[in-house]
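Participant: Residues per chain are reported as follows:
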Amino acid sequence: MSHRLRVNPIACEAHGMCAELLPERIALDEWGYPLITDDSIDRSLLDHARRAAQACPTFALLVERRVEAKPGRSSVKRAPPSGDSPAVTIPP
Amino acid sequence: MSSSPTLMSAEAPPEVLYETPALPRILEGIRPHGPMSLDEHVEVHGALPVERRRRRRAESPLIGEVERAGLLGRGGAGFPTATKLRAVAEARRQAVVVINAAEGEPASRKDRTLCESLPHLVLDGGQLAARAVGAGEVMVCVCESARASLESIALAIEQRARMSGPEVRMQLVAVPGRYVAGQENALVNHLNGGPALPTFTPPMAFEQGVRRRPTLINNAETLAHMALIARHGSEWFRQLGTPGQPGSALITLSGPVADPGVYEIEHGASLASLIDAAGGATARVRAVLLGGYGGTWIAGGHLHRLLLSDEHLEPYGASLGAGVVLLLSEHACPVAESARVARWLAGESAGQCGPCLNGLDALATTVEAIAGGVAEADAPQRIARLTKLVRRRGACGHPDGADNFITSAMETFAAEFAEHARYGPCETCAAPRELPLSTQGIA
Chain V
88 MSHRLRVNPI ACEAHGMCAE LLPERIALDE WGYPLITDDS IDRSLLDHAR RAAQACPTFA
148 LLVERRVEAK PGRSSVKRAP PSGDSPAVTI PP
Chain G
14 MSSSPTLMSA EAPPEVLYET PALPRILEGI RPHGPMSLDE HVEVHGALPV ERRRRRRAES
74 PLIGEVERAG LLGRGGAGFP TATKLRAVAE ARRQAVVVIN AAEGEPASRK DRTLCESLPH
134 LVLDGGQLAA RAVGAGEVMV CVCESARASL ESIALAIEQR ARMSGPEVRM QLVAVPGRYV
194 AGQENALVNH LNGGPALPTF TPPMAFEQGV RRRPTLINNA ETLAHMALIA RHGSEWFRQL
254 GTPGQPGSAL ITLSGPVADP GVYEIEHGAS LASLIDAAGG ATARVRAVLL GGYGGTWIAG
314 GHLHRLLLSD EHLEPYGASL GAGVVLLLSE HACPVAESAR VARWLAGESA GQCGPCLNGL
374 DALATTVEAI AGGVAEADAP QRIARLTKLV RRRGACGHPD GADNFITSAM ETFAAEFAEH
434 ARYGPCETCA APRELPLSTQ GIA
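Top line first, the protein sequences correspond to chains V and G. Residue 88 is where the first sequence starts when you use the working numbering, and the numbers rise one by one after that. Residue 14 is where the second sequence starts when you use the working numbering, and the numbers rise one by one after that.
A hint or two may mislead.
Keeping only pairs whose Cα atoms sit at most 25 Å apart, straight-line, the calculated SDA-like set for lysine to any residue is [said to hold, decoys possible]:
#, chain 1, residue 1, chain 2, residue 2
1, G, Lys-401, V, Gly-103
2, G, Lys-401, V, Leu-115
3, G, Lys-401, V, Pro-110
4, G, Lys-401, V, Met-104
5, G, Lys-401, V, Ile-97
Label-pair distances were calculated between CB atoms; the ranges are [stated by the list, open to error]:
#, chain 1, residue 1, chain 2, residue 2, range
6, V, Trp-118, G, Glu-343, 37 to 43 Å
7, G, Trp-249, V, Arg-130, 53 to 59 Å
8, G, Glu-64, V, Pro-110, 57 to 63 Å
9, G, Glu-180, V, Pro-110, 55 to 61 Å
10, G, Arg-224, V, Pro-110, 39 to 45 Å
11, G, Arg-105, V, Arg-138, 36 to 42 Å
12, G, Gly-314, V, Arg-138, 54 to 60 Å
13, G, Glu-103, V, Arg-93, 24 to 30 Å
14, G, Gly-364, V, Gly-103, 15 to 21 Å
What the hints contain is simulated information worked out from the structure, not anything from laboratory work. C-beta: ideal position from N, C-alpha, C; glycine also.
Pulled out of the complex, with its shape left as it was, chain V reads as follows (with noise of 0.2 Å):
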C-alpha cells in the first residue's frame, strides 16, 4: 500500500511544521508554504510522515492512500492532434 502526501492550501497557514519533520519530502517557499517535493511515501517514511500531518496546526497536510483517478476531474483535455483541417469558408 502506497501513500501520498497532499496540502490543502485553503486550510495552509505556513506554519512549517511540515517541513521540520519531514524535510524528505518537504521545503518551504520564501513565504512558508510546503513546496512538496515528491509526494509519494513509502514504509520507511510513513511514521514521519504521519507524524507531521498531526503536527500541523490547522490539519493542512495529508497522507493519502493512493487511489485511481475518477472521471470528472477538472483537467485539461487536448483533443488528439489530426491532419485534415476542416474547409472553412470565409462569408461574403
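Once you have looked at the hints, place chain G on chain V.
Facilitator: Then chain G, alone, in the frame of chain V:
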C-alpha cells in the same frame, strides 16, 4: 465554392441568418434585442424530444448520443460532457443539475448572449440533462451584474412552468461577479449557502455537490449544444468542426474590429474569416489572446493562417477555452497591457491559498517593474521562478491561469519586455487601454 459562411454574428441582420445551410445552429433565429419567447423557440427548433428508455433503469439514450457527438464542455476545460453525465447518472442519490452561466471572464459575453437572447435553448439543455441523470431540479447560475440575463431567464422559467408539468423544478440563482466564482466548487459552495469561493477537493461536485447530492455542472453553451444534439442527433452535430472538436462554438471576439461581439463558428474556422465576419479589422492586429486571461498569446506572424480549433492551436500551446478571442492592436503596448492584466489577476485571487495570494501579487509587482523600466536585472528569472511557485499550488486553477498568461506574454513579447526593462515606458504605454478588465467592459 458555395457561399456558406462559417460564422454568424449575434447582431447580424436577418437576411444573413437564413442564407447559411450549416450555421447558425445555436444562434438560429436570434433577435437583435430581447429574448426569444417559448413559442418562437419551439417554432425555430421544434419541441423538446420525448425520451424513450428501453427499460426504466437503463441509461438515458441521450448520454450515448452526446458521447457519439463528442461534445466537450464549453466552460473552458473542454471535458467530455458524456463522461460527466454518466458519472452523475450512476450515482445512487438523486442528482442536482447546475447550469453555469456565471461567466466571470471579463472578455466573455457568450453566456450572457445565450441567457439574454436564447434562454429556452439553455433551459432545454438543463431539462434534458436533468432527465438524463435523473435529477429533479435545475439551478441556473447567472452573474449578478448581468441584469438582462437574470430577467430573461426568470421570465423563461415562468413561461415553461406555465406550459409543462412539474417534470423538473428550475430555479434562478444570482452569483457574485468575480473571476473565480464560476469555478465548479465555488458555485457549489455558493449554492450551499457559503461564499462563492473555491473549496478543497475531493469531494468533486459530481460526487458530492449541492446539498451533498451528486451535482452535474455544465456551462450554458454546453447545454445549448446538448439541446440540439437531442433533436438532431450526433451525426448532425459532427457535420461541423474537427474530428477532435466536433460541432460549432460561440466565440466572443473583441478588440480592433468593426463589430465586436459573439459569433458562432465551426471549430477549425480561420481567425481571418472570423475577423471578416466582424466587419474587418479597424487597426493592424499585433497579437491575439486565446482563451481569456488564463490563456495564451499568439503574435503577428502566425495570425493570417491561424485556425480556431484546439488541435490547430496546440502547436502554439493555446486552446480556445471558453471561446474568448481578444485582438490587440498595434496602437496598444503589450507590456503595459500585460502588467495591467497581471495586477487584475492578482486582485482576483480569492486570497484563500498562500501561494496564490502572495505569488500573484509578487508576479504582478515584477511585471509592473519591468513595464516601468525599474526592474532588477534578474526580473525575468524571478518571474520564471514565481510562476513555478504558484503553479498547481492553489485549490482552484486560478494561479495556473495566471502563470499561463504571464509566461505566454513574456515569451510572445520578449523583445518588447526587454526594451521596457532597459528603457522604461514606450510611447504606446500611454495609449488608451484595450483589454477589458470588468465584465461590463465590452459592448
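Participant: All hints are to be evaluated individually against the structure, with a verdict given for each.
Facilitator: Now the hints, each set against the structure:
{"no.": "1", "hint": "G:Lys-401 / V:Gly-103", "in the structure": "holds, 20 Å"}
{"no.": "2", "hint": "G:Lys-401 / V:Leu-115", "in the structure": "holds, 14 Å"}
{"no.": "3", "hint": "G:Lys-401 / V:Pro-110", "in the structure": "holds, 20 Å"}
{"no.": "4", "hint": "G:Lys-401 / V:Met-104", "in the structure": "holds, 23 Å"}
{"no.": "5", "hint": "G:Lys-401 / V:Ile-97", "in the structure": "holds, 19 Å"}
{"no.": "6", "hint": "V:Trp-118 / G:Glu-343: 37 to 43 Å", "in the structure": "holds, 39 Å"}
{"no.": "7", "hint": "G:Trp-249 / V:Arg-130: 53 to 59 Å", "in the structure": "holds, 56 Å"}
{"no.": "8", "hint": "G:Glu-64 / V:Pro-110: 57 to 63 Å", "in the structure": "holds, 58 Å"}
{"no.": "9", "hint": "G:Glu-180 / V:Pro-110: 55 to 61 Å", "in the structure": "holds, 59 Å"}
{"no.": "10", "hint": "G:Arg-224 / V:Pro-110: 39 to 45 Å", "in the structure": "holds, 43 Å"}
{"no.": "11", "hint": "G:Arg-105 / V:Arg-138: 36 to 42 Å", "in the structure": "holds, 37 Å"}
{"no.": "12", "hint": "G:Gly-314 / V:Arg-138: 54 to 60 Å", "in the structure": "holds, 56 Å"}
{"no.": "13", "hint": "G:Glu-103 / V:Arg-93: 24 to 30 Å", "in the structure": "holds, 26 Å"}
{"no.": "14", "hint": "G:Gly-364 / V:Gly-103: 15 to 21 Å", "in the structure": "holds, 20 Å"}
Of the numbered hints given earlier, the model fails none.
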